[in-house]
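Chains A and B supply the protein sequences, listed in that same order.
For the first sequence, our numbering gives the first residue as 1, with consecutive numbering after it.
For the second sequence, our numbering gives the first residue as 1, with consecutive numbering after it.
If you're looking for bench data, these hints aren't it; they were derived computationally from the structure.
Keep in mind that the hints are not guaranteed to be accurate.
Unchecked claim - Output of the computed footprint for chain A on chain B, the stretches with three or more beta carbons under 8 Å from beta carbons of chain A: (1) 120-129; (2) 141-154.
What the hints assert, rightly or not - Some chain B residues flagged as far from chain A (calculated, every beta-carbon gap over 12 Å): (3) R76; (4) D103; (5) R116.
Please read all numbers here as calculations on a predicted model, not as lab measurements.
Note that CB positions come from ideal geometry on N, CA and C, so glycine has one too.
Protein chains: 2
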Amino acid sequence: MSRALQLIPVTGLGEIRRGDDLASLLAGAVELQNGDVVVVTQKVVSKAEGRLVPIDHDDVDARLEIVMSESVRVLRRRGDLVISETRHGFVCANAGVDLSNVDQGWAALLPEDPDRSARRLRDRLRARTAAEVAVIVSDTFGRPWRRGVTDVAIGCAGIAAVLDLRGTPDDRGRTLLATEVCVADEIASAAELVMGKASGVPGAVVRGLDPGWFRPGSVSQEVIRPPAEDMFR
Amino acid sequence: MSRALQLIPVTGLGEIRRGDDLASLLAGAVELQNGDVVVVTQKVVSKAEGRLVPIDHDDVDARLEIVMSESVRVLRRRGDLVISETRHGFVCANAGVDLSNVDQGWAALLPEDPDRSARRLRDRLRARTAAEVAVIVSDTFGRPWRRGVTDVAIGCAGIAAVLDLRGTPDDRGRTLLATEVCVADEIASAAELVMGKASGVPGAVVRGLDPGWFRPGSVSQEVIRPPAEDMFR
């Protein structure tokens, strides 16, 4: 736990189109090593998977219709802003429907199954590079009580989403009572620091993470809070 | 924006006691450079500032009393778990009152003014090292709709808490509509990846961040969402 980490931006992928082989593009842009975690933004994954729908950017009603079709439940609404639960179980603004960094006339939707997107990308990266890497698909979410967005993980493969430290002794030798750390979200946030929102850097490599964190992993199974536990839905 | 970052754990500070000079300890543990961001956990800041209160660890009522005395409003309660708003305006579990990694019989409270704690530590680090560094005080918070905790910033000095990208063009040259990124929280989360909850690493240095992000900064002014904006309080 006491070694330095590196966060390496991945650049030069060019514009991503439906059907593009993200694994080849990533493997060509950075020399991957065993134990690397490759973080890619939802935007490029959605583009490669063709998760784009036509939209008139000035038509607020059309945008709202897409947001509603991607939602299973609306939690709050204020003007154009809808806070809803997506079919995946994510609670976020506008069901993740995004108009930035896509061509005029199109909106990007979230991947259908971001864990599956991560698994597929990981399989292809391992096949192409022979490096044992993990993959996180990231997106940008707001928070109810804190201003500003941060990046979180919406899918992962090959790395724990939540690390369970219950039963681990603290530095006094007492057992930590209830500490489950969402390392996937922390990795996504770390990666955002070298990606930025406007700079066209669609990925990053996080190098040097604890080898003990590498296991199959799933955001949908580990991170999404079941309604029964939820105090704010 | 497209350079690698380093996350360096800071170890060997020893046990922190009231009145300890954290700046000297940090400066002795790592060679600081211009542009470094020093992230320290709330726990060591609270200890150095003497923000500890005696408590019987097995007395649930006594613990609850301390939590309530640190809160201005309770949002939800379920069994032992209280989600409340602290005097600072943070919404978190148990008002940040923490029993882990402190001596038996004591609880650590949040610093009275974590931005001020960060400013003081930064002033002392600059005086001691002549390096232009920034400081973030981090703590570990849960999230309503996502399992697992992540580290966030509760105080900062010398670095933007929230980066305002509104007006910045996206990679199509269109203006990004509403993107304010809470880089202070992302930096705190990144630092946690080399600190861990049980490993006794109370700080980290983040090296290589965009020089444009360095300005006075304040979590309380930039990150805490005013009640008028809040849809979930």
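Consistency of the hints with the structure:
Given a C-beta distance limit of less than 8 Å, the hint that chain A covers the segment 120-129 of chain B is violated, as 0 residues qualify and 3 are needed. Here's how the segment 141-154 of chain B fares: 10 of its residues keep a CB closer than 8 Å to some CB of chain A, so the rule of at least three is met and the hint holds. Not every CB of chain A lies more than 12 Å from the CB of B:R76, the least distance being 4 Å, so the non-interface label is violated. Not every Cβ of chain A is farther than 12 Å from the Cβ of B:D103; the closest lies at roughly 7 Å, contradicting the non-interface assignment.
Look at B:R116: its CB is around 19 Å from the nearest CB on chain A, clear of 12 Å, so calling it non-interface holds up.
Violation of the numbered hints given earlier is confined to hints 1, 3, 4; the remaining hints are satisfied by the structure.
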